[in-house]
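Asks: Sequence:
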Amino acid sequence: MINYIIRFSIQRKGVVLFLTAALAGWGVWSLMHLPIDAVPDITNNQVQIITTAPAQPADEIERLVTFPVEQAIATIEGIIEMRSFSRFGLSVVTVVFKESHDIYRAREEINQRLAQVVDDIPAGAGRPTLAPISTGLGEIYQYVVRPMEGYEDDFDPMQLRSIQDWMVRRQLLGLEGVADVSGFGGFLKQYEVAIDPERLQSAGVSVADIFEALRSHNQNVGAAYIDKRPNAWFIRTEGRITSLDDIRSIPVAYTNTALPLTIGQVADVRFGHAVRYGALTYNAENDGEAVGGIVLMLKGANSSAVIENVKNRIAQIQQTLPKGVTIDPYLDRSKLVDSAIRTVGTNLIEGALIVIFVLVLLLGNFRAGLIVASVIPLAMLFAVAMMRQLGISGNLMSLGAIDFGLIVDGAVIIVEATVHHLGLRKIKAPRSQKEMDAEVFTSATRIRTSAAFGEIIILIVYLPILALAGIEGKMFQPMAQTVSLAIAGAFILSLTYVPMMCALFLHRGYAPEWNLSRGLIAAVERIYAPALRFALQNKKIVLGVSVLGFVASIGMFWKMGSEFLPTLDEGDFAVEVRLMPGSSLEETIDVAQKAGRLLLE
14 MINYIIRFSI QRKGVVLFLT AALAGWGVWS LMHLPIDAVP DITNNQVQII
64 TTAPAQPADE IERLVTFPVE QAIATIEGII EMRSFSRFGL SVVTVVFKES
114 HDIYRAREEI NQRLAQVVDD IPAGAGRPTL APISTGLGEI YQYVVRPMEG
164 YEDDFDPMQL RSIQDWMVRR QLLGLEGVAD VSGFGGFLKQ YEVAIDPERL
214 QSAGVSVADI FEALRSHNQN VGAAYIDKRP NAWFIRTEGR ITSLDDIRSI
264 PVAYTNTALP LTIGQVADVR FGHAVRYGAL TYNAENDGEA VGGIVLMLKG
314 ANSSAVIENV KNRIAQIQQT LPKGVTIDPY LDRSKLVDSA IRTVGTNLIE
364 GALIVIFVLV LLLGNFRAGL IVASVIPLAM LFAVAMMRQL GISGNLMSLG
414 AIDFGLIVDG AVIIVEATVH HLGLRKIKAP RSQKEMDAEV FTSATRIRTS
464 AAFGEIIILI VYLPILALAG IEGKMFQPMA QTVSLAIAGA FILSLTYVPM
514 MCALFLHRGY APEWNLSRGL IAAVERIYAP ALRFALQNKK IVLGVSVLGF
564 VASIGMFWKM GSEFLPTLDE GDFAVEVRLM PGSSLEETID VAQKAGRLLL
614 E
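Read in the numbering used here, the sequence shown has 384 at position 371, and its numbers run on one by one without any break.
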């Protein structure tokens, strides 16, 4: 089979050239569309159920919300693990599914179960909702919405939060690859009805009457229509509240004089804000508080492409904001991704250049060196194309593990064997194309089987890594897959592209007796030959030293430090300020402001 492929490649050079060009084009296109990230995403296949219940203590949250939710979804197929925590005002249930389980199907099944249990949860205990389809690496872009210099007095934190929620967030949600946009900081705007107990008592109405009036008078109702030829007049009532005055004019009861008693007569109606449990500080300016947002990327999306789309949309949104308001990004994951990929790219280019230099130097044939060197980009493009097909992202682990020495191993063997075979014939007259084809076929078929065994052995080494499961599998499998794909591509090229190029471009005459390569090899042989003779004559000594070295290396290995993830220096400092339990929010904000000012100084 191998001999047939080599013969076909040599005889059908045009076909092989066309297929190679097609491979290069496919690889370049895949490279432009390959998902790029800094590190592999090791987040498991999970769905989070979040329930917010303000003012509910942790034990009530556990009893009224967390436990019923866990019981409802416990029998869903494919669940590996289910964990939860309940704290003041918040319940989070995390459901981990098998990796093969479709995440959208899992969310649909959970929604069906929640619909059955939602009526059992008291109204004041909140309603369970599903977290966005994102991962631990989903926070790709963070920004603040703040007033420009000179406009600080024109916008308060409540107005900035409304701009974030109703203008910025809504326009970002329409982008491809964006799962959600979380807003935080500032004050969440609310319509407040502050009841005056004395006026309420004197009017003879209760708080329940206020609630019922607000509920029943805040809706639009449709009716039938009046047929008055030639027109039909549709009837509807518009009662939806649109302003504070609408709330003030809602009737609560009627007096003996048939005049309505309105909410405005028994309560103060004004704008207020929801109770908040956190705040955002920014550069310790404007009392240190600001309004911000986090863009969450959809699971499996291309982070580089999504961030670029977010940046473009932010520029468009900036034009629609009120005068004096600006959006300032303070965390852009593309900087980390670009830095990591730039480092990997630099290392790959430097490694490729070193390999090419060594090949040309040791092969002693410039054309042969270029043929072998050309396998490197082609094998890389093949690996990239297959990575995109298999859904493997380009990151520090997958691309950084590529070894060009392994990639060109098979090509080096064939080219070197061909050059050696041509040199042994010592035919000074240029060979014809037919003779050259025959020479290349003879040399390639003699050595190709041995080279194939070497490449297969290398691939077998990576099988244990491919068998890893769980988080360690997500971390290290992309590395083994990428290297295996690159070696597989180089193997295919060594059977097709390399013999064809040797037949076309290698020198058809006899090479000179001496050149720099042969002189270098001769110098190495003069050093190596005595060492080899000593090793063969003193087998026990060499074996003993080898065993001692092996034992010593084991001891050094156990003392060597280890870490799960490579250290990434983003060039930023993460400062965490901790206060005593029970500290108020205002105290926390004040301490954070002081810490921020010290850091700025």
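No wet-lab data here; the hints were simulated from the structure.
Don't take every hint at face value.
[To be verified] Below, in silico cross-link-like pairs of lysine-lysine (DSS-like), each with a Cα-Cα straight-line distance of 30 Å or less:
#, residue 1, residue 2
1, Lys487, Lys348
2, Lys111, Lys487
3, Lys324, Lys312
Asks: Against the 30 Å threshold, does the CA-CA distance of Lys324 and Lys312 hold or violate the hint?
Replies: Between Lys324 and Lys312 the Cα gap is close to 19 Å, so the pair holds against 30 Å.
Asks: Quick one, are Lys487 and Lys348 close enough, alpha carbons at most 30 Å?
Replies: The hint holds at about 23 Å.
Asks: Could you grab the alpha-carbon distance between Lys111 and Lys487 and see if it respects the 30 Å cut-off?
Replies: 13 Å, holds
No hint from the list above goes unmet by this structure.
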